[in-house]
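Novice: Letter by letter, the chains look like this.
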Amino acid sequence: MRWWDRCIMAFRSLFGRANAGARLNDELSSHLEHQIAQNVAAGMNAEEARYAALRSFGNPALLREQARTTWSWGWLESFAHDLRYSLRTLRRTPGFTAMAIVVMALGIGANVALFTVVRGVLLKPLPYMDPRQLFTLYEADSHHKGGHKFLPTDFGSFSLWQSAIRDRAEMAAVSPWQDYNVSAEGGRLPEKIDVAWCTWNFFNVVGVQPALGRSFAEYDDRQDASATVMLTNSFWMRRYSGDAAIVGKTIWLDAKPYTVIGILPATFVFSSSFGGNTLQAWTPVRHEAPPWLITTFEDHEFLVIARLLHGTTLPMLLDRLDALQKQIRRTHGGPSVHDGAVGHSMLDDAVETYKTPLYALLAATGCVLLIACMNVASLLVARAAARSKDLAIRAALGGGRLRLMRERLIESVLLSGGGGALGLMMAWGALQWLIHARGDMHRVEAIQMDGMVAAFTVGLVALCALFSGLIAALSSTGGQVLTVLQESSRAHSGGTSRAGLRRSLLVLEVGLTVVLLVGAGLLLKSYQRLRSNNIGVPTENVLTMRVGLPAVSYKQPAQQVAFFEKVIARVRAIPGVVGAGLVSTAPGEGWNGDSTMIVVEHPPLPVTEMSDIQLRGADPGYFAAIQLPLLRGRIFTADERLERAHVVVLSQSAVHALFPNDEPIGKHIKSPDENTAYEVIGVVGDTRWEVAEPPMATLYGPIYGNNYNWATIVVRSAKNVEALALPVQKIVGELDPDLPVFDVTTLEQAIGKSTMDSEFDSLLVLAFAVIALLLAAAGLYGVLTYLVTQRTNEIGIRLALGAPRENVLRLMLTDGLRPALVGLVLGLAASVGVVRAIRSMLYATQALDPAVFAGVAATLLFVAALACLVPAWRASRLNPMRALRTE
Amino acid sequence: MGKPNDLVQGTLDLLILKTLRLEAMHAWAIGKRIQQISGEVLQVQQGSLYPALHRLEQQGWIKAKWAESETGRQAKFYALTAAGRKQLEAETANWNRLSAAIDLIVGEAS
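From first to last, the protein sequence lines are chains A and B.
Just so you know, the numbering used here puts 785 at position 785 of the first sequence, and the rest follows in order with no gaps.
Just so you know, the numbering used here puts 21 at position 21 of the second sequence, and the rest follows in order with no gaps.
This is chain A alone, in the form it adopts within the complex:
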């Protein structure tokens, strides 16, 4: 009962406060009237009685206050009072308030956005059962050139691993880079989809249950099983509008019937360093892959996913696998059998490449926030300094020190809170943009704002408020009430000490800005290096698109060749086409296939010295169309096709690798595992398969033959090549309506895509650095302007005594530039350490690039000088008479 009464009481005193205040007044005046009445009864006249009553009553205001303090929520009342006061002061200076809130919003918004990304991508566990027990295993090879540490696994090794390690881990194999043509059906267009092959136990290993239907069973994963497929949720929703009746029905993949046995849940996304978020369907590997691929140790097409049984650690597992793999190498020989096993957690596998860039960006936003806080703190200190007299008077009249400090803090809480709210909106916008612009990023689907992000924002706001508020509060309650009160306009001791605090803040700000600028400079330089890489052919106005011919409807090589010839002949006839050709994979658009090659006429080489050559197929017209120069010999002719297709054209670096000392033309090369030898008939220029990688030795064989059942159509025009995409697609559609055309892109777009990471990181860091530079410049400007105002009198005296105006200018400039210089030196020193952390993000750029460091120093000094020049110049133009009269 008591607590209930108390609650009601508390509730009433919280919400009936105004009423209760009026009642209190009534009560006190009724008391006064009683007293007056008594006094009158005692014989005083009315006026006397009133005064006597008032005298005995004491100070009614104080009495009221004392009564009020016994009510509950007294703290809330005084807090509300401070809040109102702070709001009023902030509203009186809208410019300052808006500026401070925007500055805070930039800092908080950037941090919240980045934190959301880091949390979603790097920290959130994968959406599988007990994901910490899941690891992705790879092979390693001590002879491998190129430094790739994690090499995909062959199925032969996987089978041995699986049976040997049964007591330690459950293992599944996945091949995530398969694709199928989905046939047109029920009014839906044909399309090409990314598909993964997996062993039947894959979904058991990761612990994912299908949303509909069933998972693969052992009897699906056999060569003689009937064809089955599981669809991802997004594909099911998109193509079949979420129709549950599709389970058990047949769909056509590569013109063969497949039974849909299950639909995966919407939360399931496969993530690996080889992608996976574009996968649309899963098929059982032993049914899909050719039988030789299941037994070979030399074709590496698989990722191994292992769930460690409890009590097993990754090093334990890898020790055994490594030994096993070495034994496989000894037993099976072969130049492409690997001799080691490596692995890391499945989460690391998915996001390892994003770790450094994301943490670097997070650090950059952290710097921006710190700078923003310091700027706001510096503004608050300036305000406190301007109000020092007001504050001193309040302190002298008995204003509690804590109460005054609380006011400062509330002010900064308001600013940070406003900044946080605005920043949250900015972060939301930035995330929408990011998810849209960086759909290629692994685990982008896991990025979302949730309770954790909200808590982070609140924490950040509190931290900023405390940081900037405390700096301001500590500097304003110096405790020297008397000094401030006595300080006449001609004494400046208090003012300069506060400027000293602001100066050290500035040094820090400039230092952080320098670090950001150096980082941005290095990333930008690396991006430019990357973009200026020549892939070996002119990239303007080149359109590429791919077609794949399903083996079922194009069984004979002659059928495939006939189709290719028809397509390219009709494409060349389109008006506006300058040149067109067929190639298996266009330059800058990725890896094709590779093989070790030996020269038949040369003495045999040891395995470790054989050259790895990238293999491409092309039609005779391709080289002219892409403008790849023929250096020696000739291109293959139109009739070197099918069984006569045993001729090759080498790239310049392939010639260097295979024929270091002699003439290549007329010689023969072959793969060590095969018997067919190919005659070298010509040499062409080098191309890059990926813009960030050095050119690789390449050989071109006729695409008319050599088992090419897919091709990239390359079209060059004089201008506006995008307009040709539709006519080319139409031609393919007329020849075979079931055939999807995919990856339609210009060469420039393809290259842009592969440099997107670099572009993205460098531009973002640059943006942060520019914000930091602006803030630092604003800080410099603010402090110097303040100093000039403080020293107006002194400058007036100097000028009146005959100091040249240039001297005053120099004096003020050095005053303002000193913190900038100290900050610059500190920042450069810190950068030397910091850039080591982002070294892995740099392409062909030294971490300690002197040009970048010099450029940053020059930029910073220039901006700092600009920021200081205005107030310094203003100081030197002061009218001495007016300056002397300034109070």
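To give a feel for the contact side, a few chain A residues facing chain B, derived at Cβ under 10 Å:
1) GLU27
2) SER30
3) GLU33
4) HIS34
5) GLN35
6) ALA37
7) SER56
8) PHE57
9) PRO60
10) LEU62
11) ARG64
12) GLN66
13) ALA67
14) ARG68
Beta-carbon label-pair distances, calculated as ranges:
15) B:GLN35 / A:ARG84: 38 to 44 Å
16) B:ILE37 / A:LEU470: 54 to 60 Å
17) A:GLY399 / B:ILE105: 41 to 47 Å
18) A:ARG387 / B:GLN35: 48 to 54 Å
19) A:ARG387 / B:ILE37: 52 to 58 Å
20) A:VAL40 / B:VAL41: 21 to 27 Å
21) A:GLY399 / B:ARG73: 37 to 43 Å
22) B:ILE37 / A:ARG84: 43 to 49 Å
23) A:GLU77 / B:ASN94: 29 to 35 Å
24) A:TRP4 / B:GLN35: 32 to 38 Å
25) B:VAL41 / A:SER78: 35 to 41 Å
26) A:GLU77 / B:GLN35: 30 to 36 Å
The hints are simulated quantities; they were obtained by calculation from the structure and are not laboratory data.
A virtual CB, placed ideally from N, CA and C, is assigned to each residue, including glycine.
Guided by the hints, dock chain B onto chain A, whose structure is given.
Specialist: Structure of chain B alone, referenced to chain A:
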């Protein structure tokens, strides 16, 4: 009475509760009653009386009601609640114990 200290405050609460035991009263009358009954020894200042009354009200020991006073004016009448009665008993017992103890000491010394 100077600035109210803890002992005085506690005692004032007891005095107010005791005064209100028989009938509801308004603040002025409470002050007067304490003064009269104590033989003009205890003068309750308004500065102590009102905070004490409001505190007791917040605690739920007394409740207030506006009514017409004997002079025909509206006044705020305070009355003891059930909880207040219990509190009065507890505080009375406490006071008796305390004053007896003090008596023992002071009486022996004299």
